[in-house]
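Trainee: Assemble the complex: chain A is given as a structure, and chain B must be docked to it using the hints.
Protein sequence lines, in the order shown, are assigned to chains A and B.
The numbering of the first sequence is numbering that gives the first Met the number 0, which starts it at 0 and goes up by one.
The numbering of the second sequence is numbering that gives the first Met the number 0, which starts it at 0 and goes up by one.
These are calculated hints, taken from the structure and not from any lab test.
Computed from a predicted structure; not experimentally measured.
Among these hints, one or two may not hold up.
Claimed, not checked - Subject to a maximum C-alpha distance of 20 angstroms in a straight line, what follows is the list of computed DMTMM-like cross-link-like pairs (lysine to aspartate or glutamate): (1) A:Lys51 - A:Glu4; (2) A:Lys51 - B:Glu179; (3) A:Lys51 - B:Glu130.
To be verified - Residues from chain A that face chain B, not an exhaustive set, calculated with beta carbons under 7 angstroms: (4) Met20; (5) Ala73; (6) Arg91; (7) Val116; (8) Leu169; (9) Asn312.
To be verified - A short list of chain A residues far from chain B (calculated; beta carbon distances all over 12 angstroms): (10) Met0; (11) Arg25; (12) Lys51; (13) Leu65; (14) Tyr121; (15) Ala126; (16) Thr127; (17) Leu129; (18) Ile207; (19) Pro208; (20) Asp210; (21) Ser211.
Just so you know, even glycine gets a beta-carbon here, dropped at the ideal spot from N, CA and C.
Listed below are the residues making up each chain.
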Amino acid sequence: MLHVEAIYWLIGAFLLVVAFMDARSRRWSAAAFWVVIAVPFLFGDAILAAMKDGTRWPAQAVGIGLIALGVLAARGKLRTHEDSREAQAQRRAGAERFGNTLFVPALAIPLVTVALVLSAPYLRWNATPLIDTSQATLISLGIACLVALAIALRVVRAPFSQSLVEGRRLLDALGWAALLPMVLATLGSVFAATGVGDAVAAIVGAVIPADSRLACLVAFALGMVAFTVIMGNAFGAFPVMMAGVGLPLLVLRHHANPAVLGAIGMLTGYCGTLLTPMAANFNIVPAVLLELPDQYGVIRAQWPTALMLLAVNFALMWLLVFR
Amino acid sequence: MNAWPLLGVAVVVAGFAMRANPVLVVVVAGITSGVAAGMGVGDLLALLGTSFVSNRVLLLFTLMLPVIGLLERHGLRERAQRWIAGFRRLSLARLLVSYLAMRQLLSMFGLYDIAGHAQTVRPLLAPMSEEAAARAAPIDEPTRMRVRALAAATDNVGRFFGEDVFLAFAGVLLIQRFFESQGIHLEPFAISIWALPTAIAAFAIHSLRIAFVQRNLEQTRTGTDRPDAAR
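Bound conformation, chain A alone (with noise of 0.2 angstroms):
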């Protein structure tokens, strides 16, 4: 049976390969930042279970390898690779070359992804699933890239080391972006397990009447667009809303559906984010890249937008959390 930890060992060596590639171009920082997280992936089980026997010491490493990564992050510059001539007029000529076919390899990755999912209970081999079907969405995921980095290097007609040059050339660029929504949802785990969600809980259950699902929604949604507009980022409000009232008032007091809340609910904070400065990449550089007089002409153009999503998302959740 497939597991999903081979995904994690697929995932740990594509890590490897790209902190290669960059302490061979001398990029030591970049080298060590991706080392350091491709261990959670080869070793994450044994991580893990070590842990439960109550042998701690991996688990403590990992904790300091993030406080590495912490420090690395804030140290290094993302680094975009330069674009040549050679490689526009190459990428021009595929364009024209391979056509709408480009776009076969991509879609194949949702597409095949949700093939497997739908299967995954009905593929058996003398009885026995062939994906474990606790984590079928991961594994087929995991598949469907392989499935269609096959066709695309069939496609263009490119040697596998390509795709990793490739695909290196994106983590690069994403940098330590890439590992934000990872370390969002480590805090999320730390602020519940130590008590940050329990006291917010207290803190909205002392302002707001609890026993009223309207307003715990209420103090919910504003929330999430409140935290989002400050951080301009609805990933990072997600963890404090989400333990503070989303989880303890409304899943567990008034038995609100979760993956309805958490759906609809982080959406909630995207009509934030549509809304504030603090989410410069995409509401003040377009401004610049599109030389407007005013920095907050993009926001001005969508803040009614937002405001009457808002309200959809509002009575969406009214209507569908507590079904």
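Mentor: Just chain B, lined up with the frame of chain A:
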């Protein structure tokens, strides 16, 4: 109840607001909460380590990078740009609504970085929007700037309210991991499907607003035509 761990939240808010490196902010916030909760160094490091390892699924998207990188090298973005350039003869409303639909659909399939402000809005969508808006009659400078801003806003709306439908998007996995760490098991697919109603609503609302802008343009146009007729 110990309220001191809340200092961690304060660190996150202040750190993000001060534009410090977000990874460093998050690590410092985690340490702050742990110390404030009265944890020892050993416990705190073990908590950070196990939490980090348990959330490693959030880097799953890196497996897509070799495929996307390879396709980009052979012209995936250029192909997408040419596709958008094919909308050239549309009216402003049709142009922007078509772009919105395309941007949302591609994002839903995980291709959220194929378009963007630098890749498509500045070189293509903004000039094409201005051209479409000015086709029947010249527009003044403030209107031209508003049309440009609307093009950028359309890209944002299309991206934001498409990407969460993709089941391997970081936002979806962040939600999944959060609940998993609290002992609630959800499949990413079951989460991402609930982003669909909002995606549809975002398309409807923003399209209506675009149509509204187009109608205003036409009205001011007939407004400027009328003095000529009266003369």
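Trainee: Each hint needs a verdict: does it hold in this structure or not?
Mentor: Hint check:
1. Of the pairs offered as hints, the one joining lysine 51 (chain A) and glutamate 4 (chain A) holds, with about 18 angstroms between alpha carbons and a cut-off of 20 angstroms not exceeded.
2. Note on lysine 51 (chain A) and glutamate 179 (chain B): the hinted pairing holds, with a Cα-Cα distance of about 17 angstroms set against a maximum of 20 angstroms.
3. Taken as a hint, the lysine 51 (chain A) and glutamate 130 (chain B) pair is broken in the structure, with Cα atoms around 64 angstroms apart against an allowance of 20 angstroms.
4. A cut of 7 angstroms between beta carbons decides the hint on methionine 20 (chain A): the least distance to chain B is about 12 angstroms, and the hint is violated.
5. Hint status for alanine 73 (chain A) relative to chain B: holds, with the closest Cβ pair at about 4 angstroms, below 7 angstroms.
6. Proximity of arginine 91 (chain A) to chain B holds as hinted, the smallest CB-CB distance being about 6 angstroms (cut-off 7 angstroms).
7. For valine 116 (chain A), the suggested interface contact is upheld, since its CB lies about 6 angstroms from the closest CB of chain B, less than 7 angstroms.
8. About 5 angstroms separates the beta-carbon of leucine 169 (chain A) from the nearest beta-carbon of chain B, less than 7 angstroms, and the hint is met.
9. A least Cβ separation of about 6 angstroms between asparagine 312 (chain A) and chain B falls short of the 7 angstroms threshold, and the interface hint therefore holds.
10. Every beta carbon of chain B lies more than 12 angstroms from that of methionine 0 (chain A), the smallest distance being close to 17 angstroms; the non-interface claim holds.
11. Non-interface status of arginine 25 (chain A) relative to chain B is upheld: no Cβ of that chain comes within 12 angstroms, the nearest being about 22 angstroms off.
12. For lysine 51 (chain A), the shortest C-beta to C-beta distance to chain B comes to about 10 angstroms, within the 12 angstroms cut-off, and the non-interface label is violated.
13. Annotated as non-interface, leucine 65 (chain A) brings its C-beta within 12 angstroms of a C-beta of chain B; the closest such distance is 5 angstroms.
14. At roughly 16 angstroms, the least C-beta separation between tyrosine 121 (chain A) and chain B is larger than 12 angstroms, which holds for a residue marked as non-interface.
15. Every CB of chain B lies more than 12 angstroms from the CB of alanine 126 (chain A), the least distance being 23 angstroms, so the non-interface label holds.
16. For threonine 127 (chain A), the requirement that its beta carbon stay farther than 12 angstroms from each beta carbon of chain B is met, with the minimum near 21 angstroms.
17. Once the 12 angstroms rule is applied to beta carbons, leucine 129 (chain A) is consistent with being away from chain B; the minimum gap is 17 angstroms.
18. The claim that isoleucine 207 (chain A) is not at the interface with chain B holds, since no C-beta of that chain comes within 12 angstroms of its own (minimum 17 angstroms).
19. Remark: the non-interface label on proline 208 (chain A) is consistent with the geometry, its nearest Cβ contact in chain B lying 19 angstroms away (cut-off 12 angstroms).
20. Remark: the non-interface label on aspartate 210 (chain A) is consistent with the geometry, its nearest Cβ contact in chain B lying 19 angstroms away (cut-off 12 angstroms).
21. Listed as a non-interface residue, serine 211 (chain A) keeps its Cβ farther than 12 angstroms from every Cβ of chain B; the least gap is roughly 21 angstroms.
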